[in-house]
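With the hints as a guide, bring both chains together as one complex.
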Amino acid sequence: MSDVPKTVYLRYFAQLREQSQCEEEERVTTAQTYGELYQELKAQYGFTLDLAHVKVAANDTFMGLDHPLRAGDKVVFIPPVAGG
Amino acid sequence: MVIKQFSLANAPLEPAQLWQPLANLSAGAFVSFEGWVRNHNHGKIVTALEYEVYPALALKEGEQILTEAIEKFDLLGAIASHRYGKLTLGEIAVWVGVTAPHRKQAFAGAAYIIDEIKHRLPIWKKEYYLDEPATWVYCREHHHYGLFEEAK
Chain A
16 MSDVPKTVYL RYFAQLREQS QCEEEERVTT AQTYGELYQE LKAQYGFTLD LAHVKVAAND
76 TFMGLDHPLR AGDKVVFIPP VAGG
Chain B
47 MVIKQFSLAN APLEPAQLWQ PLANLSAGAF VSFEGWVRNH NHGKIVTALE YEVYPALALK
107 EGEQILTEAI EKFDLLGAIA SHRYGKLTLG EIAVWVGVTA PHRKQAFAGA AYIIDEIKHR
167 LPIWKKEYYL DEPATWVYCR EHHHYGLFEE AK
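Those protein sequence lines, which keep their order, are chains A and B. First residue of the first sequence? That's 16 in the working numbering, and the numbers climb one at a time after it. First residue of the second sequence? That's 47 in the working numbering, and the numbers climb one at a time after it.
Chain B residues, not near chain A, derived (Cβ > 10 angstroms throughout):
| # | residue |
| --- | --- |
| 1 | Ala57 |
| 2 | Pro67 |
| 3 | Glu109 |
| 4 | Asp120 |
| 5 | Leu135 |
| 6 | Lys150 |
| 7 | Tyr158 |
Here are the simulated DSBU-like pairs of lysine-lysine, each with C-alpha atoms no more than 30 angstroms apart in a straight line:
| # | chain 1 | residue 1 | chain 2 | residue 2 |
| --- | --- | --- | --- | --- |
| 8 | B | Lys106 | A | Lys57 |
| 9 | A | Lys89 | B | Lys172 |
| 10 | B | Lys172 | B | Lys106 |
| 11 | B | Lys106 | B | Lys50 |
| 12 | B | Lys106 | A | Lys89 |
| 13 | A | Lys89 | B | Lys132 |
| 14 | B | Lys50 | A | Lys89 |
Label-pair distances were calculated between CB atoms; the ranges are:
| # | chain 1 | residue 1 | chain 2 | residue 2 | range |
| --- | --- | --- | --- | --- | --- |
| 15 | B | Ala94 | A | Ala67 | 28 to 36 angstroms |
| 16 | B | Ala102 | A | Glu41 | 17 to 25 angstroms |
| 17 | A | Gln47 | B | Ala102 | 22 to 30 angstroms |
Hints were generated in silico from the structure; no laboratory data involved. Remember, predicted model here, so these are calculated numbers, not experimental data. The beta carbon of each residue, even a glycine, is placed where N, CA and C say it ideally should be.
Looking at chain B on its own, in the form it has when it is part of the complex (with noise of 0.2 angstroms):
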């Protein structure tokens, strides 16, 4: 049985929990990714960050993108969530953990989900800093979801 799990979380991660549902005899590689807050970002001192979240649709994309990863790398199981909610430095601010039956679709799996997360989770974060006011932080060109093209 494929394992598929994705969740929004408002503690925090415990990736000792997280990856216990994948363990499988028949899987050979195991590769998780912890997306931390950092201290710094395009040369401002970051002290905090908050994330706000449109929990119904942000469930239904990361399904459906755990759905694509074990579709497109053959994966036994794929397992992310996601943080939302005010971060301190050094906290885990997504997690994802994948397995497979060989190493190369575990790693590949792994980065498939945390690029399309990045792109099309409809999550957003706000960046709180030393000196500075608050902002909205994204990146323009990973404006894109998979779902969009698909709507009618």
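Bound conformation, chain A alone (with noise of 0.2 angstroms):
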């Protein structure tokens, strides 16, 4: 059960659209947590910034990073931000 494969769907920002080429995929992981999926992307992408460094929502709102993960989430890791 726990590690059934979940289609969730990501969105990239900033330098985490820079390093991973990619604006947004569609992608099938076992990752039960926010945490676990950056750490799995981190590994294919080469991401610079540590799992510490970014924040994470799921269908537009601000989310736990050890909140398991949910099949058909939309998500976006957010690097440290620079408004103003």
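And the structure:
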């Protein structure tokens, strides 16, 4: 049950977009949490930001990185921001 | 009625228009802040800026920041607008305007809004330099979010 693959939808911004060379993707993953999903992506794309320096939003709402990933989630990892 | 408007803009911001909804005969103070694109940062010569935004979440977080400021400082109105896309030197990157019965609330409210925008809005800034590759810039200590704690 726990490692049933889930389909999630990712969008990338700023340096994560540049490093993945990808704006969005549909991905099948066995990651259990948003944090685990980030580590999977970091390994694949060579993201230079550690997990400690990103936040995550699912379905346009901030979430905890240790929260369970749900099938169908629209996930955005958020590198450090710089408004103003 | 309290005025609250947060927006994202891909064209130059026009302060003369932005403040108008704030006009209010019970307001004794109006404070505005403009963030400008300057020509240097950390000793490097900046030639242009680019902002990339996550629109759905930025609009939500921006509204939330204005709501907090209105409640904390009893503002009569709060409007903020942030540019995205490519900006040239001297352009207004962000505009904040607030009204309150008295000046102290208005100053404090405007300061709160711009500080929170810098720390929390999901928007990213790429600086273009004269003699070096462009980079995404940020302050690590600024990386926290108000809504983050509430998300379940």
